[in-house]
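Participant: Each chain is listed here by its residues.
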Amino acid sequence: MSDAIVRLLIIVGYLLTLIGLGLFSARFGRATNRDYLLASHSIGPVLLLLSIFGTTMTAFAMLGSTGEAFTRGIVIYGLMASASGVLHSFCIFLIGVRLWKWGRRYGYTTQIQFLRDRLASPALGFVLFPTLVLLIIPYLLIGVIGSGVAIETMTAGAFPGWSIFHNDSPQLDGAVPRWLGSLAACGVVLTYVFMGGMRGTAWANALQTLLFMSLGIVTFVMVARGIGGGDSIWASMSQASQQANPDLLTRGTFSKWEFCSYLLIPLSLGMFPHLVQHWLTARNARAFKLPIVCHPIFILIVWVPCVFMGVWASGISLPNSVSNDPNAVLPFLVQQYATPLVAGLLTAGLLAAIMSSLDSQFLCLGTMFTHDLFLPLAGRSRFSETAQVWIARAFIVVVVAVAYVLSLQGFRSVFVLGVWSFTGFAGLFPIMFAALYWRRLTAAGALAGTLTMIGAWLFLFARSDWGNNRKFAIEWMWGDHVERMNPVVITVLATTLSMVFTSLFTRPPAADHVAMFFPQSIQPEKSVFPMVSASQEGNQL
Amino acid sequence: MKWWGWLVLGILLVAHQDYWLWNSKTLVAGFIPSGLAWHIGISVVAGLAWWAIVTWSWPTDIDVAEDNRERAPAPSKRMTKGSGP
Chain A
1 MSDAIVRLLI IVGYLLTLIG LGLFSARFGR ATNRDYLLAS HSIGPVLLLL
51 SIFGTTMTAF AMLGSTGEAF TRGIVIYGLM ASASGVLHSF CIFLIGVRLW
101 KWGRRYGYTT QIQFLRDRLA SPALGFVLFP TLVLLIIPYL LIGVIGSGVA
151 IETMTAGAFP GWSIFHNDSP QLDGAVPRWL GSLAACGVVL TYVFMGGMRG
201 TAWANALQTL LFMSLGIVTF VMVARGIGGG DSIWASMSQA SQQANPDLLT
251 RGTFSKWEFC SYLLIPLSLG MFPHLVQHWL TARNARAFKL PIVCHPIFIL
301 IVWVPCVFMG VWASGISLPN SVSNDPNAVL PFLVQQYATP LVAGLLTAGL
351 LAAIMSSLDS QFLCLGTMFT HDLFLPLAGR SRFSETAQVW IARAFIVVVV
401 AVAYVLSLQG FRSVFVLGVW SFTGFAGLFP IMFAALYWRR LTAAGALAGT
451 LTMIGAWLFL FARSDWGNNR KFAIEWMWGD HVERMNPVVI TVLATTLSMV
501 FTSLFTRPPA ADHVAMFFPQ SIQPEKSVFP MVSASQEGNQ L
Chain B
542 MKWWGWLVLG ILLVAHQDYW LWNSKTLVAG FIPSGLAWHI GISVVAGLAW
592 WAIVTWSWPT DIDVAEDNRE RAPAPSKRMT KGSGP
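Residue numbers (the working numbering), protein chains in the order written: chain A, 1 to 541; chain B, 542 to 626.
Treat the hints as calculated values from the structure; they're not laboratory data. Idealized CB from N, CA, C, for every residue including glycine. Careful: at least some of the hints might be erroneous.
Listed next, the in silico DSSO-like pairs over lysine-lysine satisfying Cα-Cα at most 30 Å (straight line) [what the hints assert, rightly or not]:
no.: 1; chain 1: A; residue 1: Lys101; chain 2: A; residue 2: Lys256
no.: 2; chain 1: A; residue 1: Lys256; chain 2: B; residue 2: Lys566
no.: 3; chain 1: B; residue 1: Lys543; chain 2: A; residue 2: Lys471
no.: 4; chain 1: B; residue 1: Lys543; chain 2: A; residue 2: Lys101
Computed Cβ-Cβ distance ranges for the label pairs, DEER-style [as the list claims (entries may be wrong)]:
no.: 5; chain 1: A; residue 1: Ala401; chain 2: B; residue 2: Trp544; range: 47 to 53 Å
no.: 6; chain 1: A; residue 1: Met477; chain 2: B; residue 2: Trp544; range: 37 to 43 Å
no.: 7; chain 1: B; residue 1: Trp561; chain 2: A; residue 2: Ser214; range: 34 to 40 Å
no.: 8; chain 1: A; residue 1: Asn468; chain 2: B; residue 2: Val585; range: 35 to 41 Å
no.: 9; chain 1: A; residue 1: Lys256; chain 2: B; residue 2: Asp602; range: 37 to 43 Å
no.: 10; chain 1: A; residue 1: Pro130; chain 2: B; residue 2: Leu554; range: 29 to 35 Å
no.: 11; chain 1: A; residue 1: Ala401; chain 2: B; residue 2: Asp602; range: 43 to 49 Å
no.: 12; chain 1: A; residue 1: Pro319; chain 2: B; residue 2: Ala570; range: 30 to 36 Å
no.: 13; chain 1: A; residue 1: Asp512; chain 2: B; residue 2: Gly582; range: 45 to 51 Å
no.: 14; chain 1: A; residue 1: Gln243; chain 2: B; residue 2: Val585; range: 44 to 50 Å
no.: 15; chain 1: B; residue 1: Gly571; chain 2: A; residue 2: Ala401; range: 49 to 55 Å
no.: 16; chain 1: A; residue 1: Ala511; chain 2: B; residue 2: Trp563; range: 50 to 56 Å
no.: 17; chain 1: B; residue 1: Gly571; chain 2: A; residue 2: Asn469; range: 37 to 43 Å
Under 7 Å between C-beta atoms, here's a sample of chain B residues computed to sit facing chain A [what the hints assert, rightly or not]:
no.: 18; residue: Lys566
no.: 19; residue: Leu568
no.: 20; residue: Gly571
no.: 21; residue: Phe572
no.: 22; residue: Ala587
no.: 23; residue: Gly588
no.: 24; residue: Trp591
Take these sequences, add in the hints, and give me the full structure.
Facilitator: Printed below as a string of structure tokens:
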């Protein structure tokens, strides 16, 4: 049996295990919407930590970080990982815990339901739904593309001479093609999400998080030994760092302004719909403490090995098909330096990281469509709970089909796509933050902020040739050289300004309505503008 | 969050802009580029900072909310007819 077949069999075995897990968790479920969508608020601290972290880490963290470290160097850790360590926990603490409180009190399953209620505006829900779907599609693409790349690279040579598995690149000839790998991953995730709902998703995420974290460390040791070739692991790591391209060991050419502007990217976590749904599954508020504390350390455990491997890969000779495709660097290293058995397990770990995000994204899309768009329009009483679950599943299939077709269009970098998705979600962060902490926020303000964000994001994304221009940034002259800034600064600033000014120029929200979310507030804030009377309450759009 | 929590987060975000290590080629422990070592340190300190914040700066009103386990009707259900789904 060839090495490639061994790797393929392990991958297939892992995918079947996930389907089995979905079947198993379905036996513990209750036939209610609340159980399917929120696991009946039964998730404790450990499962919450693993499911939140598994959902946050995707192909972006494994394939993307290794590929970007290979092309840009160590700067990538500071850009995304250490900043996320501080600010993701900030989002969980300030947004997640408070949102859980209102979700538990009023029975919300999505952030749209919260915002619609908080601002007494059904219209806001209808605008937010397509916005969130639009932003999550690039994020879905990361997983769909990443799974195809991982399976293709790891099964190279499995079926030599088969015309269906022919690849123009000699290194990938006989591999399961990308389109088939992506299709298989989507099919497996759809199956266990459909069977197990949120409970199945949380369990699968926990298993997959443990798998990709432990196997990531094993990969790191094997690759270090393979590239460095020293007598000990320390000697190998030292040797590998000294062989690497020295430019990648510093941040010499990277713009300091751009580095600073990336600090806004991790705020996107506060608006990820799939994360919000996980937050709402918590058994109690105390369950959030463990995820808040461990999140920075878990990010470190996943990202540091990936960054090292990417940088070290610059010191070895790579085939053109790999050096021209940053997404393929990690699968190549795994294939090159691990035994077939371990390589198969490591690919399973890689797929675990990818699929633990895809499942939550699929589930939240179905939830939002059913509860935030379809049922409010079609009438909740017309559909049984079973019918509602099937409506959610139908919508998930449609969105996954769209994402799958888009994934076949040949996007280059999962990292770049991820950053664009995060840029949009971060742009919506001010609205969520204001809804939780600013009584004076009005529905018109939130609506204006959302529309401004969509406009700015679409404009900038189009200017970047829909992510194909990997170097796109806001540029200006600073002395004698050009400075750069990530577009997230524009989306966050534009949304904030639009939201604040529109809120201040429109009628304040009704005091009794605001009091439902701010129990301490007895007196409504008065408008700072004399032409708007505080007595003119109502604010419904 | 108490004032010192905001202060600690502010210090971490300022420390994140480690421009003084921008061009350093020193390898800490023989294999970790100094810029990367600094940011690994930030991740570790962030974990400690969040431990301190959730231990001594946990919002008190959240625990009060937990005591009230009865779910209230959502505000949209209390709105006047036609104001929400």
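Participant: Taking 44 to 50 Å as the stated bounds, is the beta-carbon spacing between Gln243(A) and Val585(B) within them?
Facilitator: Violated: the Cβ-Cβ distance is about 27 Å, outside 44 to 50 Å.
Participant: For the hint on Gly588(B), just tell me whether its beta-carbon gets within less than 7 Å of chain A.
Facilitator: Holds - the Cβ of Gly588(B) comes within 7 Å of chain A, reaching about 4 Å at its closest.
Participant: Has the hinted range 37 to 43 Å been met by the Cβ atoms of Met477(A) and Trp544(B)?
Facilitator: Distance hint for Met477(A), Trp544(B) holds at roughly 40 Å.
Participant: Measure nothing beyond the straight line between the CA atoms of Lys543(B) and Lys101(A); if it is 30 Å or shorter, mark the hint as holding.
Facilitator: Satisfied, since the Cα-Cα distance of roughly 19 Å is no more than 30 Å.
Participant: For Gly571(B) and Asn469(A), compare the CB-CB distance with the range 37 to 43 Å and indicate the outcome.
Facilitator: At 38 Å between Cβs, range holds.
Participant: Taking the least C-beta to C-beta distance, is Ala587(B) closer than 7 Å to chain A?
Facilitator: holds, 4 Å
Participant: Quick check on a hinted range of 30 to 36 Å for Pro319(A) and Ala570(B), using CB atoms only.
Facilitator: Given range 30 to 36 Å: holds, Cβ gap about 32 Å.
Participant: Are Ala401(A) and Trp544(B) spaced within 47 to 53 Å by their CB atoms?
Facilitator: holds, 51 Å
Participant: Hey, Lys101(A) versus Lys256(A), does the alpha-carbon distance stay inside 30 Å?
Facilitator: Distance of about 39 Å is beyond 30 Å: violated.
Participant: Please check whether Leu568(B) passes as an interface residue: C-beta within 7 Å of a C-beta belonging to chain A.
Facilitator: Interface hint status for Leu568(B): holds (6 Å vs cutoff 7 Å).
Participant: Do Lys256(A) and Asp602(B) keep their Cβ atoms within the hinted range of 37 to 43 Å?
Facilitator: holds, 40 Å
Participant: Regarding Ala401(A) and Asp602(B), is the given constraint of 43 to 49 Å on their beta-carbon distance met?
Facilitator: holds, 44 Å
The structure shown violates the earlier hints numbered 1, 3, 14.
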